[in-house]
Amino acid sequence: MSGPPLLELRDVAKHFGTHEAVRGVTEAFQAGEYVCILGASGCGKTTLLRLIAGFETPSRGDIALEGQSLIAVPPERRNVNLVFQDYALFPHLTVRANVEFGLEMRRVAAADRARRADAALALVDLPATGDRFPQQLSGGQRQRVAVARALVNEPAVLLLDEPLSALDRGLRQQMQAELRRIQRNVGITFLHVTHDQGEALSLADRVAVMHAGRFVQVGTPREIYERPRSRLVAEFVGASNVIPRPRLAPWLGPSGAGDGVTLVRPERIGIAAEPMEGRAVVGTVRRTAYFGATVECLVDAAGLALVVHVPAAAAAGLTDGAAVWLRIAAEDVVALAEDVA
Amino acid sequence: MRVERRGRLVAATVGPAALFLLVFFLVPFAVVVVYALSPAAPGGGVGPGFTLEQLGRLWNVDYLRIVGRSARLAAVATLLTLAIAYPVAWAIARLERRRQLLPLLVIVVPSWINLLIKNYAWITILRREGLVNTALTGLGVTSEPLPLLFTEGAVVVGLVHSYLPFMLLPIYAALDRIEPALIEAARDLGATPGRVFRRIVWPQSLAGVAAGCTFVFVLAFGSFVTPDLLGGARGMMIGNLIQNQILQVRNWPLGAALSVALTVVVVAAIGGALLLANRAQRGRTA
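Residue numbers (my numbering), protein chains in the order written: chain G, 3 to 343; chain D, 39 to 324.
Isolated chain G (complex conformation) (with noise of 0.2 Å):
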C-alpha cells in the first residue's frame, strides 16, 4: 500500500431495526484500485455501497474520502458515483441528456458537457447512440451507458452495484473485460459489488469477501482462492474439498496430521488410472462431469468423497466406477480457521 488511502471505512455499521446489514467493515482503498465486494444475497454489500453513496447514513463509525468524512455530506455533493444494478437510466431523456446530466448539474457549460459526453461515449464504445432512448437500447448498451453517465463526472471512486447481474453469460463476460479496460484507462477506484466470485478473480486487484455484514476476508485474488482464511471463504471462492486435517494421514502421513480443517483444491489433487508413486492413495470414481476444458470426478477414497479437476485431455481412463490413485501433496494443503460469524 502506498499513500494515503483515498476511502476509508471505519468501523462502519448500519442497523434497520434489528436487523444488522453492516457489522462494523474496517477497510481502506487505494487510488486507482478495482476492488469487488464479493458476497451472497442479503450479506450487507449493497447497503455498504449505498452508504457510500450517501443513500442510507450508518448507524456508527465513519466514511472518509480523501481524508474528508462523508456522513455529513448529502449524495449530491460526494465525489462519487453509483451504476446502480438495473442502470436507472432516465427513460424520457435522450442517451446524450443522460450522460450530461451530472455535468448539467454541476453547471458545466454546454459545449464542455457535449465534449465530454461524447468522449465517455467513446470510452464505453458507444458512439453515434445520443439521440437514441433508453427503451431503444439492448442491455448490454444500457450497461454502457450507465457506466458513461456515471464516468463523465470523473469521481473519486466508482461504486457499481451488481452492473453485470442483468445481462446474460456471453455479455457478461465482455462487459468484465470492457469494466477492466475502462478502469485502467481511466485509473478512478472502482468499488464493484458482486455475488459471481469468477467475476471477482478475474476483474479485481483485490476482492473483498463479505459475509453477514463484515469482511471476513481482504486480498488479492491470488490470495482469496490459494489462501482461503475459513471453510466460508474456501467454499464461497471456487469449488473445494474441506477435509479435516487427520482424515489427511493416508496422504501425509501420521506426522502430516494434527487438528483443525483444511481445504484442498480440486485441481491440485493428483489423479491417475494406473498406480502412482509416492503416496497415492486408491479411490473409485463415482461420477463424472464434463466441463470442456476440465472434467470433474467425484472420487471415494479413504471414506472421504473428495471433487477432482482433470484437464480433459488428461482424463482417459477416469469413467465412472474406475479404480484411480490420488495424490496430495503436503504444499496444497491450506489450513482453515474456524469461521467468526
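Calculated directly from the structure, the hints in this document are not laboratory data.
In this text, a Cβ means the ideal position worked out from N, Cα and C, and glycines have one as well.
Errors might be hidden in some of the hints.
[Unchecked claim] If you want a taste of the chain D side facing chain G, the calculated C-beta under 7 Å gives, among others:
no., residue
1, Arg-225
2, Thr-230
3, Gly-232
4, Pro-241
Place chain D on chain G using the hints.
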C-alpha cells in the same frame, strides 16, 4: 383469414362500446345540434325550419361573460386541485406499497358521497351563521360575519372538494410508476431535491397531470349543482344557464346552442390535454 379474424376480434371488443357511444352520445348530440338550429316553439320544444338565430345569440355579452366565468372558475379549480393533489399523490406514491391502500381509500371513499350532500355541507360551513363565521366572530377576528356563501370562491371550494380524487388518482398512478432508483440516480449525479423534482419527477408525471386536469376541468366547466347551491346569482356557470334556458325560459334551441358551445370547449380542452400527454410520452415510447 388472419385479417378477418383480427377484424372480428376488433368488432367484438370495441363494438359494444362503439354502439353504446353511438346510441347514447352521438345520436342525442345530433338531436341537440338539430335543436340548436331550429326556431323556438313557445312554451318549450322546437318548431319546424332551420335558423342560425340561436347560434348567433351566443355572441351576447351576458352569455359570453358566463362562459368566461365558467372557464375561469373551472381553470382556478383545476389549478387548486392540482396544487393540493400533487403533493398528496407524491407522498402516497413514496410509501411502501402495503401502506398506500389506506390513504387512497381515505381519498376515494368520500367521493362516493352524493354531490348534493357535500355541497349542503359547505353551505352549513360557509353561510352567515356557519362554522367559519361563528369561529371568526367568536375569536374577534371580524366584527361582522363575512359574506362567504354565494361567491365565486365558494363555488371553487365546492368544485375542488368534489373533484379532487379525479386529479389525485391519475397523478398517483403516474408517480407510482417512477422507479425510486431514478430519483437516487439523479441525486447521485448531483441533483438537489428541487432539481430532482423538476428534471426527473415532474416530466414523468405529465401524462397523469394532463389526465387529471382534463377530468377536473371538464367536470368543473359543465357543473351546475355546485354553482347553483354555492354560487347563487354571482356564481352562475354555463350549466346553470343551460338549465335556466331549458327549464325556466323554455327556449330549448338556445339551451341546445349553449350545450353545443359547452361541448366544443370541452372537446378542445381534451384535445389540448391529449396533445400535451402525447408530447410528454413521446420520449418514453419512441
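To see whether the hints hold, each was checked on the structure:
| no. | hint | in the structure |
| --- | --- | --- |
| 1 | Arg-225 | 4 Å, holds |
| 2 | Thr-230 | 6 Å, holds |
| 3 | Gly-232 | 11 Å, violated |
| 4 | Pro-241 | 5 Å, holds |
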